Each structure stands twice: as structure tokens, then as C-alpha cells.
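Protein chains: 4
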Amino acid sequence: MTHKEILAAAGLNEAALTGGTLAVYSPIDGAEVASLHETDPAEMPAIIARAQIAFRQWRNVPAPRRGELVRLFGEELRAAKAELGAVVTLDAGKITSEGLGEVQEMIDICDFAVGLSRQLYGLTIASERPGHRMAETWHPMGPVGIISAFNFPVAVWSWNVALALVCGNPIIWKPSEKSPLTAMAAHRCLERALVKFGDAPDGLSQLVIGGAEIGAALVDSRDVPIVSATGSTRMGSLVGPKVMARFGRPILELGGNNAMIVAPSADLDMAVRAIVFSAVGTAGQRCTSLRRLIVHESIREGLVEKLKAAYSTLPVGDPRASGTLVGPLVDNGARARMLEQLDRARADGGIVHGGESVSDAVPQGGAYVTPALVEMPSQTECVREETFAPILYVMSYETLEDAIEMQNDVPQGLSSCIFTLNLREAETFLSAAGSDCGIANVNIGPSGAEIGGAFGGEKETGGGRESGSDAWKGYMRRQTCTVNYSAELPLAQGVRFDI
Amino acid sequence: MTHKEILAAAGLNEAALTGGTLAVYSPIDGAEVASLHETDPAEMPAIIARAQIAFRQWRNVPAPRRGELVRLFGEELRAAKAELGAVVTLDAGKITSEGLGEVQEMIDICDFAVGLSRQLYGLTIASERPGHRMAETWHPMGPVGIISAFNFPVAVWSWNVALALVCGNPIIWKPSEKSPLTAMAAHRCLERALVKFGDAPDGLSQLVIGGAEIGAALVDSRDVPIVSATGSTRMGSLVGPKVMARFGRPILELGGNNAMIVAPSADLDMAVRAIVFSAVGTAGQRCTSLRRLIVHESIREGLVEKLKAAYSTLPVGDPRASGTLVGPLVDNGARARMLEQLDRARADGGIVHGGESVSDAVPQGGAYVTPALVEMPSQTECVREETFAPILYVMSYETLEDAIEMQNDVPQGLSSCIFTLNLREAETFLSAAGSDCGIANVNIGPSGAEIGGAFGGEKETGGGRESGSDAWKGYMRRQTCTVNYSAELPLAQGVRFDI
Amino acid sequence: MTHKEILAAAGLNEAALTGGTLAVYSPIDGAEVASLHETDPAEMPAIIARAQIAFRQWRNVPAPRRGELVRLFGEELRAAKAELGAVVTLDAGKITSEGLGEVQEMIDICDFAVGLSRQLYGLTIASERPGHRMAETWHPMGPVGIISAFNFPVAVWSWNVALALVCGNPIIWKPSEKSPLTAMAAHRCLERALVKFGDAPDGLSQLVIGGAEIGAALVDSRDVPIVSATGSTRMGSLVGPKVMARFGRPILELGGNNAMIVAPSADLDMAVRAIVFSAVGTAGQRCTSLRRLIVHESIREGLVEKLKAAYSTLPVGDPRASGTLVGPLVDNGARARMLEQLDRARADGGIVHGGESVSDAVPQGGAYVTPALVEMPSQTECVREETFAPILYVMSYETLEDAIEMQNDVPQGLSSCIFTLNLREAETFLSAAGSDCGIANVNIGPSGAEIGGAFGGEKETGGGRESGSDAWKGYMRRQTCTVNYSAELPLAQGVRFDI
Amino acid sequence: MTHKEILAAAGLNEAALTGGTLAVYSPIDGAEVASLHETDPAEMPAIIARAQIAFRQWRNVPAPRRGELVRLFGEELRAAKAELGAVVTLDAGKITSEGLGEVQEMIDICDFAVGLSRQLYGLTIASERPGHRMAETWHPMGPVGIISAFNFPVAVWSWNVALALVCGNPIIWKPSEKSPLTAMAAHRCLERALVKFGDAPDGLSQLVIGGAEIGAALVDSRDVPIVSATGSTRMGSLVGPKVMARFGRPILELGGNNAMIVAPSADLDMAVRAIVFSAVGTAGQRCTSLRRLIVHESIREGLVEKLKAAYSTLPVGDPRASGTLVGPLVDNGARARMLEQLDRARADGGIVHGGESVSDAVPQGGAYVTPALVEMPSQTECVREETFAPILYVMSYETLEDAIEMQNDVPQGLSSCIFTLNLREAETFLSAAGSDCGIANVNIGPSGAEIGGAFGGEKETGGGRESGSDAWKGYMRRQTCTVNYSAELPLAQGVRFDI
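Residue numbers (full-length UniProt numbering), protein chains in the order written: chain A, 1 to 499; chain B, 1 to 499; chain C, 1 to 499; chain D, 1 to 499.
Each hint should be verified, as a subset may be incorrect.
Identical copies look the same in the list; a pair holds intra-copy or inter-copy alike.
[Stated by the list, open to error] Here are the simulated BS3-like pairs of lysine-lysine, each with C-alpha atoms no more than 30 Å apart in a straight line:
1. K4 / K473
2. K4 / K178
3. K306 / K81
4. K242 / K4
5. K4 / K81
6. K81 / K473
In short, the hints are calculated from the structure, not lab data. Remember, it's a predicted structure, so these values are computed and weren't measured experimentally.
Hey, can you work out the whole structure from these sequences and the hints?
Laid out in C-alpha cells, this is it:
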């Protein structure tokens, strides 16, 4: 199928894709696949106002009824899974299985959120005063601005949208300028669900297309109480304080610099598979991609040999082709940054395997590379940075304590893992003295989280949580209520004040 | 007892109180009661480093054992309740009952936190993959910087300290320059508990005395991952973004502009008592003090008459004297700001009752005033600001919807209440379309929260939560863990990646 | 449509419905609509053994995957809603809207359980010992025997089945002999879902048709660790102890004797509608049907007049006809018991309005009655019994305390409600000193629970809980786990035991 | 100290201990230490009535205030720890450290329950209907009958009493006839706390002394809604059905037949210490005592040798003597049953080491034995029974699956453990396909639970849960509340019923 056919199959016709100012290129071949109409920044106040009006209606719709909208959305996603997955591939360059996996994740979070819609549990609490009832309830907050990144062009949005809608909040979505097509296709699914739902307010979900100015309107408006932003640490370091300064609530999912510790007892065959998937999957462009390998010195040599062997046979190429495991980087800039980073690594004493541009047997115009395996003498500065590309740095360790220290000694805090069959090592890694990341796995790579858990991490990862567990509380306001149904007026803490 | 005797009874002797650069005055009579040695800002890095070292030890101490320290602290507070309450009165000018109530609140939070120390519940979560175990656990975060305000010189600190210690975090406390003496006396109680406990690490709890520079060191340091700050909205608008910019976690408890709606069905006798206590208690210097009265037009006149009668007999004076209900403002600056604000209210058409300086039959040197009742034609700009003084603005309403609109139409979001015997009104007030405050009460004034609930609010109140419910999670980091104990390596969302 | 056509539309063809020993009659017209093959009691051990084998496989299927089966089941129910609802009407005599409502309830619980399938939350718990991890997890229990009653021939089963399947348990269902057709039709839906699911074990869900002997096999078998039984108190008083005696877990939903207190401030129009629906809906054959009306003496007369007026115009007749609100009783025996009970009420001084057999303009062969309103001088013994028919006893009260006392003074504890606009009355009714029922409503009748809450009650109601909240825990076993990953062996409570 | 002095130190003077009909013997030397006045069974109705009256007052006391009573009780226990521990030793024959540990457990549960008293969390739940509020709250139940066993004469009672009191329930305690003295001493502590508390109702806690008839009064009375019984499976099989038959709630803690699996990778030194403590501690008379050792065949021989060596040096004797690890059995009957059981084991092919009566160097009159280590060819019938004595059966296994099968193949389900350093084995043991016990430990013996977790198990263990987690819910009734504050009356599930 041509690019156009793929987009048409997902409901995006010529008219939607042409005549605008935002050129969109496919990572597959660098071809311009659309020139989109951008949202005029001057319209943003009206868009936000529309969301506020929708909010006043939507917050009063019972949550299980709001859940019905999310259920219908999930049904649309199920029906359009193949088509939408293909747009993910076209727009973000992911291989087919990962494109489908991303849509599956959207479906999963819808199922989860439908269940939530009959929960949204607050607490009833024992009061210290007779004739008093105390409770903590959760209420809708208002419009949620969602700023998403190119590498998960729709899944992370769906985490936000499924929770936000169930929680009673309208949404305004600014997708990455690099992958707006998937956003448009996914939003169409939601629009179809809205039609089936029937009586949702206008402006409940709005998609805005464009660049920094559009995003800034969401970040700066007091009428957007929540801003959920996924992207780089640099972006987060700007967005977070701005939202905070106007007393909004930022939900930040920023960089990761995710490591795996491989202990002597590890099942090495499993480890190799996990390493390769998590280091080169999505061409190393997941926020949870494996970037650092911390191997016990006793097994380092053997493991590196196995990895070199595995890396040497990885099928790099057109992500649409069956058999391809490594698709393109998002653009040439990303490739340039990768190569530059590898030079820095070499300068620090690193030995680089792979990490070269590929131009044979791949679609021309795309930024294809062989994944890089870099043996480092130590964790130098370039290792402590996140490079959004398939670079895997290998270091070695002597004691588990050292390995954990090295794992934690980066500014980011997203994901981490250990491969070991030793109970004490595994539990130590998960303990208060273990990994300092928001995600910590044992015998699993750092990427590929299930939606049932909360996703995010501390430090430069930004501290936000999305997806499962009680991440929904990030989309609501908490209210502590006390009702005095007695005819007395006792004060807490035994204070006396008799007028 | 003289000021000195009171301080000595609380363990603060001459040496601790003299020879320094920070002059401390009692609101009671404006007398200088101490000149304290200030912490040298240059020492802050070492202080923070000491806390970090303590952290590495304390995080490994089992939480129930950490709870034992908090239990011992509670016992010290019980033993010193009268003495510590007297220092609250001396240092913050509160009446005796309120001084004791503040200590009782400290005791309550200790009891609560001891129970928590055997909980700190995370979740086990159903995994979608066979042979996998998923869980969400909570781990200590590191040193907590606590910046507290003069008006609750010790209770808010105790909320933080009880939770932080149980959660595995060291603390560094910068109390207000206006009320450092209560801080010193309370910290002595904790030090005694530490001695009885036996083997806590050095630097687990540190008290730093001084001004903005000291606070800035906590706000700016990456080694203080949590900063819990109580104070003005202005302070919060500076602290929040700074902490956020370096990827720390701010817990902000800022301004309130708390209202009561009085409905036609209200029990007016109860309402009057609640209004007076919450508007003039602590001389209107609680963050939860009642500042706005929104009365149904049908009962406004009668209620205002009752309030004028009640206000006219309020005993203003020495807070140590039995019978006094209204003590001094914290200083002359606070009184000047109050009088100035009343002039603004008059200019907006307000009719002011009371609100005058008092100099007869009160200790000389203190900033005594009669509480002000101000009948306003509408909610003008001066009403929408928080003035930390006993000013109560009275407005009227026609429909409950209007009343709620007016109640929410201020930038702050801390506390709120309604007096009504009508079920529909009460529940509407507590619903998603009701009060937008973090605290919402029915037939109780806005102040005097129990420690079992979470304390805080959205909007300019800063969004933080302290004290009960799961506020403890604000002091820990969340970790989503998945353990693969199978010999397979399935990927989530059904992704295939076979190398 | 004829009875046969209705059954055929729901997938029950001639072969399934004929040639057996169990005659099934429709309450609509008393016609025999099927003679079903009964399960041979001698087969029960093999059936139970099959469930045990299925269990060993199903418990290892990840819960979210188990949830997928329940999602598919929900989809089948959505698709078959009209047809299945019609069988409810045919089999149990419910009016069309209630038949459809029962299916909707099945759909709702499926949505809820799908969400649960990624939760089934246990706890991680702070351990008092260093190097120890403590958790509470929930595991599947084994086969669940479900014994359901005629009046909710499928909804209550669906509560059990949705939870049991997600929790990892096989099910064996013995429906009432009076309404096995709906059971068969509903089980077909599940079977279709199983086919779409693909790889569920044989014997995961089994339907057994027959009488007491079949039920006894479930009650007595140690291989059926959970028996969930809905029905009469008499049945429960036999089943509960038997299950307990062999250390199984009974989940009992037994009788109710549900009251409404109508306070002076009640919105009487709403009250009348709620009373009529909950007293005569399903012809008074819900376990939550309203049976006792406790009215404040000041409004009794007026309310009784309104009710008499409303009762006099209630359309009694064919439940399939649009407009009908009161369908038939389940059989003539039920009618006879109703009339007999009315005689007892008269003997106790009751004045009976309505309560007569209807033979005009109704399908011949059905047990149609006009609902009975009985003014009682006091709560006599016959009032304290549950009669499964549309009898509403009216008593009066003076003080709320008395009303609550009267409401609680029956052996049953299922549902209860109050109509009042007075906050104090409403909260008192819901307080520790209020209703002793498992369900307590304000300004809603006692029937018609949402699936999000737990359903059940104490006293003769049996103590079980089904449906929402954490009722799923009743289908799992709880395990407290402690893992020592240190190299030390400390004992809890500081015990020393040095060998 | 003499027996009398020990009892006097714990507040039990001559008058309390003499002149009655119940002879109490110390296991230490078989001496009669008291002849107690027994409660007249005819008094039981009045005692229960008193509890019911206390209930109506206590349920309205705010839970945090009820918690204050439990806090005071904990303080009394701290003050009397040594004295009370000595009575445990005297009354139950435990060694000093275990006697003190039992009191410590009482203190721990008090701390925990005090924290709970500001929680007792119910849920607020999202309603499907507009203008409706849904919540699940927990209310007091009424008097709790506590029937406790001799082997934990006070700790298990304290679990019940701390939770029951905080939950708002009075208690009536029937301790074992074999250890009533500790009960009396512990109850004195509670009485002192009640005096300090001040205004608790009479009859809040009552102690009844006597035998089966007394117990039966609690079991049979509808006015004792909860019966918490600890003891033998035989007792539970009688009590459970009886309580159930009158619709009460039984909380049963019955037999255990607790196993340890020792895997090849186990830390054998740790395992040996854990085995010995848990098999011979409390002379094998804990419900969680280790009774079955399932050892991998590859390490069986070595482990048995180590155990034989350890067993051969165990100090058996006076439990008051420092150094003693194995005190007496409770009485001669217990010794006879142990010896008889060993004969059965021999008949089944078992090789018995130890297991002999001891009369040298021990107090005369006590039932002292050397612990028995029994090598069994397989898990025969006698192994599948619980014998309350220090008998440890040793079996071997080949695969972990077999070991788990063997571990689960007994009728009891209390506690279990595995010693392994292998992550996969540990996690498998804890999984849905692992141990079927309520307690499952890794690298810890089966005994010595922390109070933070729930205690109990399924199968013949009875299914009850006490102590930590949400065991408190077993002491309360759950109420699902829905409040309609709108002026509409929508029905759930979309049912229409328009009169």
C-alpha cells in the first residue's frame, strides 16, 4: 500500500492532509506525506474556553456513563487496529508488530479505565468528633492539556485520554509535529466513539496541530489546570516550572537512561534476547529503551560476544517488511546526534561495534543505522546522557552494591532491571537500597510496561505517573469533607472557644 | 511566669537564647525574648550532606522500627504538652487553649504515623504475563526540607516530621524567623526521643535558624528531593517552580480565602459560634481562617445582627489570660496591613464593624485589634485577596448555585463550608459541581481539620497534601516492579520480536 | 412471538427443551414450556472433578487474559440483550423493562470485572525485620458452586461468574428449577464467548440442571471450596453450616425484609414513586423489594391516600405488554402464600387494600394479583417475616430513633432506606446507630442496587457480599508472604532463640 | 520467685486465686497454682446483655477516642511486660524470651490499632446516576465472643481485643481452662487502662472463666454476632456451623500442619536454625510450629545429620531458666499423645530420633520431652494430622512441583515456607500454583508472624483472619449507601417504571 492508501484506510483523506503549512515526513523514506493545516495560536483561548464549557457539563455526567464513552472508544480501536497500527509505522517508523502493540496498549487502557469508572474510590474516614462523618472524595479538575512525543505517537495520549475522560475532564491534545498523522487517525476513532455515545458536550476532546506556540498556550493558561507532557528533560525543565508558577499541575514523563544489571547467575539466553529487544526495539527510541548494560566482570566477555553475534544479524530496514526488527530513526537529525555521540564515546575510550549508517537494501531517504554496542571503560559523561538512538553502553562491575550505585548514578530515573536467578540479588535490587527508578524489573528488559502499573519515575524523569494503579488521581482533585450532623459544635484537638 | 521562665520550662535556657543575630519578639508585648544564633548559609551544604548520609542508613531501618522513634516523640510531646503549649502562646500569640490544641495535633499525628509504620501499603497487581509477578512499592526518597510559617509554628512541622521519619527520610527544618522559639523547644522533644531510641543516625533531624538564604539552600539543592513549604502564595510561587526546575518535589501549603455559605435552613446558633471561632480564632491568622461569609439574602440581616452582638463582646487581650479569645496579631506590620485592607474595603462600599486597634487593658507593645466584620455590596478585589488578620467580609446570595460560584471565584482553594440542614444543599456543595476547595465542611467552620484527613488544596493553595489519608505517599517514591520467574520472555501487548 | 420462538431466538431449540423430566412452566400463563433433561446426581463427582482439573490450568492463566474472556462474554450479552431479556420475562414473569435491566446488570458487571482483571490488588506491607519483604497476595481458590434463585435468574449468577472467572476459578451453576431456561440461554452466551476466547480449559463453566440433590453435591464436596447461594433464609440456614462444617466458604444472599422510613420533610412525590416501584416492581419478588413502610405519624394519612390512589391504577397483566407494571407471581403457590399472609395481617388488626387475585384481562393460567397495601397497628410477627409477594405493610412512628429501632427489629438485614430532606436525619440513618442493613439508601427505594457497590447484608441475610467493591476477595484466598533476602534470621517481636 | 510471687507481681492476689472450682496447674511442675471461681453458665445471658448495652454506647464513641483506650492499654502492657511475660511462662510453660515476645506482640497490635482508629477506611464509589453519592462504610457489629487457646494465652486475645475495641465492639473473653491466669493478669492491664480512660461503658470488656458450657453460651447467642475462636480443628468444626446456623460470623483460627521445603540452593545454616526454632520453640505447641520438613533428596542426608546434631544439644528444662530453649508440654496428656503418635510413625516406617520423656534435671511434675525428629518414607496418615508437640517429620522430594504437591496435601492450611536462594523456586512457591496456606514464607520458618500481616488460613485452618492488614473488617459490618440528592428518581440499569 502507498502512504496515501494507508492514511486513507485510517480515515485521513486528501483534504485533511494537504494545503497546510506543517510538512510531515515519514521516517521510512523521508517522503513528505502531508502538509497539515496548523492551529492558529490566536485560536487557543477559544479552544480552551470551549473545553472549560465542556467541563462544566462533563463533570456532572456520572463516571460510569463517562466510562461508556471510553468503552466505545476501545471498540473503535479494536476495529481499526490494523489500520491505525499501519499509520504508527508510517508516521513513527516502528515495525509492524510494534505499531500493533501500541494500538493494543490503547485498547488495554480503555478496558482498564472502563472498570475504573465504577470505582474512582475515595475514602470514608473515622472522625474524632461524635456526630461527624468524614470522607475524602475525588472530583474532576478541568481541561487537561496533553503534549505527546513522536515515539509513542498515540499510546501515551490514550493513557491520558482514557483516564482524563473517565475522571470527568476534557482534553486538548498537541501531538508532536513529527507524528501528527497518527494523532489525527486516533482522534478520528475517538470522534466516532463520541458520535455513538450521543450526548457528550462539544469540545470534550480537541486536537491542536502545530508547534511550540500552541504548546505554550496550554502550559501558560490557568484554565488548563493539568498539563501532561511527555518528551525530553529539557522540555520538562521548562514546562514544569511554568505550570507550577501559575499553580497548575504538571504530569511529566521525561527522559530515561535505563540500565540492566546482568549478574553471574543470570539466564544468559534470556538476557540476550531481552537486551537486544530493549536496546534496538523501536530503534532505541523508547523512553524505556535499554541504554546501559552493567555486567558482572566474570561474564562480561562472554555476554559481549553473544551480543555482537546477535547484533550482526539484526535485520535493519523497511519497518513494513515482515522480518525487519530495526526500522529507521525518526529523521536525519537523530542519526547525526547518534553518530556524534558515538564519537564522544570513542573519545572516552569506548570501543564501538556497529553504529553505522545503512543505505543498502533500505528505503532511500530514511535514516537507517546499525545499532551500536559500545564497550566503555567506565560510566563517562556521555553515558550519563540520554541519546535517543540504538546505542548500548556496556560497563562491568564487581559487587552488586557497586552495580546499583552505577545504575543510580545518572540524572534520570525512569526504568531499570536486573537479570539474576539469585533471590537475594533480585530483592536487594527492588529494595529501598536498590534501583532508584520508577520502574524496576527482574529478568525482563526495562521497556514494555504493562498498563496495569503506574508509569513514570523520579529525578529528571519528572515525577509524573500515568497509566495504571492510582495514576488516575493525578487527573482529579482531592477533597477532604467533614459533615457535622449533630447539634453540637466540638472543635478538633479538644480546643475550647466558648463565646 | 515570665517569658524566660516559660522558655526555661520548655528546655530553652539562657545560652540557647542569647548572643545571636536574630532578634525574636513576642507578639504578646513586642518584647525581645531572644537573640538567636543563626545558621551560617555556608554551612548548608554540610548540613544537607549530613542528612544524605543519615538517609543511607535510615532508609534501611525497618519502618516499624522507625515508627518506634515517632512513638517516643509522641510520648515526649505528651509529657511536655503544657510547657510547649505555653511557648506557642509566647512565640505566636495564640490563646492558651489553642496553644495546647496545637501540641495535641502533634501528638495525634504521631499516633497516626506509628500505625502507618506497619502499613506504607503498596499494591500487588495482576500481571498480564504468565510467570510474572507485579507490584508497586514505596521507598524512602531522601532528605525533606521543611519550611514552616509562624502561625502554626510546630503543628505543620510535626505533620511533616512524623510522616517523613516513618517513611525513611531525614529532615531539615527551617522555621519562620518570627517563631523560632517554639521550633527549638519542639525540636528538643524530638532530640530526647532520639536519645531514648538509641541508634538513629546523626543528622536525621536538623534545625536551621535564619532567613531567606537558608531557605534557598534547601529549595535549590538536588540533594533535598522534597521541599515542604507552608506560607504565602507569593512564597509558593517562587519555591514551587525552583524546586520543579531542578526536578525536586514541592509540597506546598499556601494561602486560603475560606468562605462559609449560610443557607436559609442553617442552625443559626451553631453557625454564629462557628463563624466567630473560625473568623477570630488565632486572631484570623490561620490559613483556614474564615474570611468570607456568603449568606442567603433572606437571613442576612438577622445573622449580621447576631454577629455584631457576638463581636462586640469578644474578649481581646493577653492570650495567656483565661477568658481571652482574641490575642494579638503577630506584629505591627500585620496590624497595618489589616487597617489598610479595611480602608480598601470601605472604598469598595464596605461597611466596617470593629477592626480597630486596641490599647486598653492589653499588654503594651502587642498589636491588638478588634476583629472586623465588613458588610460588602459584592465580592470586590480586596475580598478576593487573603489578608492574614481577623477580617470577615459578608456578602449575600440568592441561589445556591450563585453562592457556590462566588465561593469558588477566588484564586485560593484551601477550605470552605456550608451551614445548612438541607440534604440537597449539603450534598451539592460537596459534589463535583460544588466547592473547589481541598477542604469542604458541612455545619463546621473552615478551620480545625482533624489529622486523619489530608490537608491542602488546589489553585493558589499550591496543591500539596499533608497529614492524614495517604499524604505519606508524598514523602516516598513509587516503584512499579515486575518479576519474571518463568523461563520465557513474553512481551507486553503481544509484541513479537524474535531474534 | 410464541414462547417457542422466544426461546429459539435465544438459541434454545426444540432438542434442548424436550424429552426430559423437569417440567418448566412460564409464570405468564402457567404453560409448560419445556421438559428438561436433568443432571444425574451420580454425575456430580465427575463434574466437580472436571472443574478441579480446569482449575489447575485456569489459575495459571494471567488475570488480564481471564478478563478477556469476561469481556467477550459481555459482548455476547450486549448482542443478545433483547433475546435474553425476553427469556427472563418468559421464565420469571418480569416486565420487559426489568428483563432488559437484568441483562444490563450482567453487562455492567462484566465491564467492571474486566477492569478488575488488571487489579486484584493485594498489599505490600512494611516489615519490622531488616532485609525482609512482606506482602499480601490473592490467589484463585478453586471451583465455585453457584446456586441461584428464580427471581433473578441470571443477574446474580453473572455477578458470581464474572468475578469468579477473573479471579481464576471455574464455576458450576445450579439455577432454580423454576427458571432454568434463562440459565440455559445465558450459559449459551458464555459458551460462545469461550469459543471466541479459544484456549480456556474444558469444564471451566458447567451448568447443572435439577433439584436439591444436585445442590447438595455442591454443598457437601470439599472440592468445591466456595458455595455462593442465593435464596431463602431457610435454605441458607441449611447450606451455610454444611459448607462451614467441611471448611468451605459460603457466600450467602438470603432474605430481606426491607423498609423505608418516610420522614416529615420527605419529597412525597418522589417517595410515592419510589415506594410503588420498589414494592410492586417484579411483583414484590425481589430480595430487595420494599415490604415495610415506616411513616411519620404526621404525614401517614396523606401518604396512604396517595399510595392507595397510585395502587388503584397500576396496570397488572401480561409482562410482555407495553404498559404493564405488575406481572404475575412465579406460581400459584406464591399467590396462595400471599393471600394467607394477608389473612394473618388482618387477624393482627391490619387493614388490607388490594391483594386480590386477578383473572380479567390477564393471560389465563398465570398467578396475577393486585398489590396489597396493609395498614398495620404495629409491627406484628407477620410483618417481621419475608413474604415473597407484593405486600407492603404501613406502620407509623413518632421519633426517628423509634423508626430506626422498628426498621432494625426484624431478623433480616438486607436493604433499607429513608426519605428525608433533612441532613441530620439522613446522616443518622447512615451512621453506626442507624440502619443495620447491608444496603442503606437515602431518597431511593431499597431495590435496584448498582453493581459498583457490594451487595448483601448481615443477620439472616447471610453475611455474604457479591458484585462490586472488593466482593471479589470472597472468591480468592489471601496469602501473607514474607521473604527474607538477608543472610540473617531475626525473629519477630524480638524473640531470641540461639541454638 | 515463687509461683505466688509471680502472680502477685502481675496483680493476682490470693483472693483472686483461691476458693474456686477450676484447678489450674503450671506446666512447669504440674503444681496447682490456683483454684479459680468459675463463671456460672446461668450468668451468661446477663453478661451478654451487659455487653449489648455497652455496645449501644460504645458504637457512638468516635473511633479515634476508642483508639485512645487501646493506646492506654498498650502503655499498661509496656509497663507490665516483664511481670506479664512471667505469668505466660508460669501458665503456658513458655521460655522467658517467648513469654516476653508474646507480650511484645500485644504491644505491637495496640500501636497498630491506634493508627487504625483514625482510618477504618470505607470507600466512596462513583455512582451511575446523576445527583447520587455512593459510599461503602464500616460500622460496629456488637459484642465479640473470644475463645482463646492455652498456647498463646494472651497474644491472640490481644489481636482480637485491640481491633474489636477500635472497631466499636464490646468483648467477652473465655480463655482456655488451661491458662486462665495469664488471661486474668492481662485483663487487669485492660481494666487499668479503662480506669485511666474514664468514661467507657460498663461491660465493655468481660472475662468469663470456665469450660465448654460457658463457651457454648457465646457460640449460641444471637446477641454475640461475632465469635472469634482459636483452637483445634475439632473445636472449629463444631463452633463454625453453630455460629453460622444462627447467622453469626465465626472467625476461626484452627489447626496447622506447617511444612518447610528445603531446596538444594538453601542456605543450610540458616535453614537449620529456622527449623529448630520453629519445630521445637514453644515445645512445638504453636499453631504455626514446623511439623513437616520436605527436603530435596540431594541434601536430605546432610541436613538430617545437622539437625540430629542440633537436636542432641537442645537444652530441655525449666522455662524460667536462662539458656533453656525447650520447656514443658502443657500437660501429661499432651505428652502421652505425642508418644502415641511417634509409635504410629514407627509403624508407618518412620525412624524416630529423640522424642523421649525427660525426667532428669527438669522440674518434677512437668511433662518434659526431647523433641522428635522422624525420618519418614512418605507422607503417611499420621503425618497429615496435627500433633501439638515437638515432632518434626522429614520427607524428601525430587521436583519442586512434587514438593509443593506434598506440602499442600494435608487438610490444614495455616503456614508454610521454603528455603531457597533460587528466585524461580521462591516465586513459584508464592504463586497461584504454590503453597495453599494463608502464610507463606521464604527463608523464614513458618512461625513468628509479624502483626502487620493478616494471620490465618483456609481449609481446616478455618478461613478466619486476625491481626494486621484489613483483618479489622472482620469485626465490622459493611454498609453500601447511596444518597440521592437530586430531585429525580432514576433507576439503576436503565430500568423504566413510570407510574
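Q) So which of the earlier hints does this model not fit? A) Those not satisfied are hints 1, 3 and 4.
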